[in-house]
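**Q** So the chains spell out like this:
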Amino acid sequence: MVTDSGPTELEQRLRELAGGVPDPELPVISLAELGVLRRVHVYGPGRVEVELTPTYTGCPAIEAMTADIQHVLREQGGMEQVLVRTVLFPAWTTDDITAEGRRKLAEHGVAPPRVSREPAGPVPVELGSIRCPNCGSGRTKLLSRFSSTACKALRRCEDCQEPFDHFKELT
Amino acid sequence: MSAALCLGDDALVLSHRLGEWAGHAPVLEEEVALANIALDLLGQARVLLSLEGDEDELAFRREERAFRNVQLVEQPNGDFAHTMARQLYFSVYQELLYERLAAGEGPYAPLAGKAVKEVAYHRDHAEHWTLRLGDGTAESHERMQRGLDALWRYTGELFRPVEGLAEVDWAALHGAWRSRVEDVVGRATLTLPEGSDGSGWSAGGGRQGVHTEPFGRMIAEMQHLHRSHPGATW
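Which chain is which? The protein sequence lines are A and B, in order. Just so we're aligned, residue 1 is where the first sequence starts under my numbering, counting upward by one. Just so we're aligned, residue 1001 is where the second sequence starts under my numbering, counting upward by one.
It is possible that part of the hints are untrue.
To be verified - Heads up, simulated SDA-like pairs for lysine to any residue below, C-alpha to C-alpha not over 25 Å straight-line:
hint: 1; chain 1: A; residue 1: Lys104; chain 2: A; residue 2: Glu80
hint: 2; chain 1: B; residue 1: Lys1117; chain 2: A; residue 2: Glu16
hint: 3; chain 1: A; residue 1: Lys141; chain 2: B; residue 2: Trp1234
hint: 4; chain 1: A; residue 1: Lys168; chain 2: B; residue 2: Val1184
hint: 5; chain 1: B; residue 1: Lys1117; chain 2: B; residue 2: Ala1172
hint: 6; chain 1: B; residue 1: Lys1117; chain 2: A; residue 2: Arg145
Rather than coming from a laboratory, the hints here were simulated on the basis of the structure.
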């Protein structure tokens, strides 16, 4: 459904509340920073519908995200009914993670996904090397294509020798 | 026969088979890899089965003859090379199929557009292992070849048209699959068996509910908890 008027003040406030929910698996970043919160729509007094998109189709965190959003919009947003819908289209990509989200991931020891497209347009940019989040070295090596969650791969730094998680690019 | 059921059952059954590797994989990294691939497939299955009805009812309450998956995905894991041969055959097929569905405007386009990215990664994983095992030691080469040979007879069924997927040109899909698989297998110093991929005799019947013997045992285990404790939650 498309509305002409854009989000209302209430919708913006609810969006901030929902967007501020921490990611259940990587609690250093919020759902807004992860880029999975699509739409917040108030469709009646005390009734709101939230659209979420999963990072991976089978991501089990979506259930925890749903419960957390329902909780915060009831407790702090004053809503009575909170519907959370999962939408698949357009598919989430790692380019949807905000710059702030990337910075927090790196600070937390997870190499952020490299940006594949400039925010302004569809032009692909060349991916640089994956840098070690501990020492910053660009000399890192893939240990395993899969890691603790579907969205990460395991790498090791060839300089400081530390293994680290890399949030895989999904474009 | 609904397309959602066919594609959903393919994903569900292969997910369960891959999940059986948990605790048995040759190295920890592969334990994690196979579980991750299984999780992606389970996610796809949930979306597809939910288009058809209640996902839990469909997954846990149907009898063997009501499942519409191809026979390839229900084949037992065998050794690691055997599983990789199954992964190669199926992930190349699934990626090509989802690419076509994603490009269309049918009811499966949103899921296919999302899942094709996951499946491309599964295919990449299977290709890496096919190369590594095929072009590895005499033992790994022999096992990989054995896996490719044993599962070949189940590949013809992948290209029998599924009702409701009008946007798919099945002959073209088959051609694209064949050249992609042949390329990888050739680079891995392995060979594909002749015939039985649709040009000759091949196994089949999964889409009509006819399954191979190991499938009954697989779903007995898969459904046991739900049937023994209806409505159980945690």
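**Q** So which hints don't hold here, by number, going up?
**A** The structure conflicts with hints 1, 2, 3, although it agrees with all the remaining ones.
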